[in-house]
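**Q** Residue strings, one per chain:
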Amino acid sequence: MTPAIAVSHLNFHYPDADHPALQDVSFEVGAGEWVAIIGHNGSGKSTLAKNLNGLLAPDSGVVDIAGMTLAEETVWAIRAKVGIVFQNPDNQFVGATVADDVAFGLENRGIPRAEMLVRVQEALEAVEMSDFASREPARLSGGQKQRVAIAGIIAQRPDIIILDEATSMLDPAGRTEIIRLIQQLRATTQLTVLSITHDIDEAAKADRVILLNDGQIKTTGTPAEIFAYGPELLALGLDVPYPEKLKAALTARGVAMPQTYLDEEGLVAYLWTLHSTM
Amino acid sequence: MNKLLLGRYLPGDSWLHKLDPRTKLMASFYYIAIIFLANNWQSYLMMFVATMIMVAASKIRLGFFMRGVRPMLWLILFTVALQVFFTKGGAVYWSWGWLAITQYGLTNGAFIFMRFVLIIFVSTLLTLTTPPLALADAVESLLHPLRKIGVPVTELALVLQIALRFVPTLMDQTTKIMNAQRARGVDFGSGNLFQQMKAVVPLLIPLFVDSFGIAEDLATAMDARGYQGGDGRTKYRILQYHPRDVYAGGWMVILTLGLVFLRA
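Residue numbers (my numbering), protein chains in the order written: chain F, 1 to 278; chain P, 279 to 542.
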């Protein structure tokens, strides 16, 4: 099966920057996989996202999206397959109302109106925003605006959705709302998700994590493997999930802890069995 | 800041609210043109009654229309005064040097006043019953034939639509910057005119820089969603004429005939 995203030896250098933004980046994302890319500010995460759909052209290297090689001729076909949700909920809302915004991408592709009406309705239902179809963006919360942005993307029936720090400007409630929505969408469709984030809890939900540092892939692995690095992550300017911090603190106090990553529930289960005499 | 409503649109479900925005736009221009046909008491009276019928049909309180007249009051009074003092003819009621109030002057002044008020009422009626976005759609649709001579109508319409969409966003931004500057001790709205103008500078510059940031983000987002410019695009929002639009046209024809019949 062809991978959803295959990047090999990608290099990118901003014209007026001292250091290259991306150096020899190679990775693959399988169809239907959820991969998180983490890294500190300026590690090249967002630059990588923009290289995947031709918003930026790589200096060298090959980007394959669902079997198509990114080039001048394929860029529009690839943009139809890759949707990006950006960071700022306000600055990506083009339409005057929710429904208009969802339709924007479809209008761009010249989809007939009859089909547009169906797809907009479906997309709004998928993100639970049908009741807001005629609302103006000014009357929506940040989380709702990001949901509309996601609806605008799924209306185009893409294969891949990239969340480019899509939750970083939201309050905690909005953040969980969006993550839950992505999990829900993945349960019903074959969507490949690439989430670029420095929210460690978002990364913990992914199937696989790629750690980017100064434009290079430092390491990749399952969330459990990555978070097991603990102190090294902190040295790279990244946070560690709370259960992992607690684990490290307990280990330091001489409590025997497992080496694998535990989420909050797993940790609670481990801790109580530790003390249980049953 | 949020009280500043763009276009002063009042949501409603009256007959006038439901009219196609193109009909309303064209009819308003047409109405303003035919008012100039009125030239005696009878024709002005007819136009006045017709306007009041339309105002009643909108189910909007008369007070909103009066508010439309207020900002124009000085211009109206100035024009009326010019007419009153400088039109010669008929009986002379009062004179002082080269100034004179004559019979013709008074009637002309009254007609001009009437014309102003009616024009303001009708344009207010248009903006009160039509959302700005619908007006933008109407302009796009009506200007569409200009594409043939190379005017980028769809692009201009998109620019207009995005401008309308970002008004509230920029307002929020302004409030945020104002609060940030207040926290640093800037005092808006006090002091003399010069001091107040100076207080606006630290507001405008960040706002200006911000709007460029927004524009860049927006352009990236539009690009990512496959925007390639005008021609191959389809439209989600479309305008459709209904029988009521024909009735509105008929109403305009009746008014025109009435004017032609009544005018001197």
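If you are wondering where the hints come from, they were derived from the structure by calculation, not from laboratory data. For glycine and all other residues, C-beta sits at the position ideal for the given N, C-alpha and C. Wrong hints could be hidden among the right ones.
Some chain P residues close to chain F (C-beta under 8 Å, calculated; not the full set) [said to hold, decoys possible]:
1. G508
2. R511
3. I516
Per label pair, the in silico range of CB-to-CB distance [unchecked claim]:
4. M449/P <-> P172/F: 21 to 31 Å
5. Q506/P <-> D59/F: 35 to 45 Å
6. R139/F <-> L471/P: 30 to 40 Å
7. W529/P <-> Q121/F: 52 to 62 Å
8. P430/P <-> K245/F: 54 to 64 Å
9. F342/P <-> A173/F: 38 to 48 Å
10. A542/P <-> Q121/F: 34 to 44 Å
11. T512/P <-> S26/F: 31 to 41 Å
12. D291/P <-> S26/F: 56 to 66 Å
13. W529/P <-> E122/F: 33 to 43 Å
14. T188/F <-> E433/P: 55 to 65 Å
15. R139/F <-> T512/P: 20 to 30 Å
16. Q474/P <-> D59/F: 24 to 34 Å
17. Q506/P <-> V118/F: 45 to 55 Å
**Q** Taking the hints in turn, state whether each one holds.
**A** Now the hints, each set against the structure:
no.: 1; hint: G508; verdict: violated, 10 Å
no.: 2; hint: R511; verdict: holds, 5 Å
no.: 3; hint: I516; verdict: holds, 7 Å
no.: 4; hint: M449/P <-> P172/F: 21 to 31 Å; verdict: holds, 27 Å
no.: 5; hint: Q506/P <-> D59/F: 35 to 45 Å; verdict: violated, 25 Å
no.: 6; hint: R139/F <-> L471/P: 30 to 40 Å; verdict: holds, 36 Å
no.: 7; hint: W529/P <-> Q121/F: 52 to 62 Å; verdict: violated, 37 Å
no.: 8; hint: P430/P <-> K245/F: 54 to 64 Å; verdict: holds, 57 Å
no.: 9; hint: F342/P <-> A173/F: 38 to 48 Å; verdict: holds, 39 Å
no.: 10; hint: A542/P <-> Q121/F: 34 to 44 Å; verdict: violated, 59 Å
no.: 11; hint: T512/P <-> S26/F: 31 to 41 Å; verdict: holds, 39 Å
no.: 12; hint: D291/P <-> S26/F: 56 to 66 Å; verdict: holds, 60 Å
no.: 13; hint: W529/P <-> E122/F: 33 to 43 Å; verdict: holds, 42 Å
no.: 14; hint: T188/F <-> E433/P: 55 to 65 Å; verdict: violated, 37 Å
no.: 15; hint: R139/F <-> T512/P: 20 to 30 Å; verdict: holds, 27 Å
no.: 16; hint: Q474/P <-> D59/F: 24 to 34 Å; verdict: violated, 52 Å
no.: 17; hint: Q506/P <-> V118/F: 45 to 55 Å; verdict: violated, 23 Å
Consistency with the previously given hints fails for numbers 1, 5, 7, 10, 14, 16 and 17, ordered from lowest to highest.
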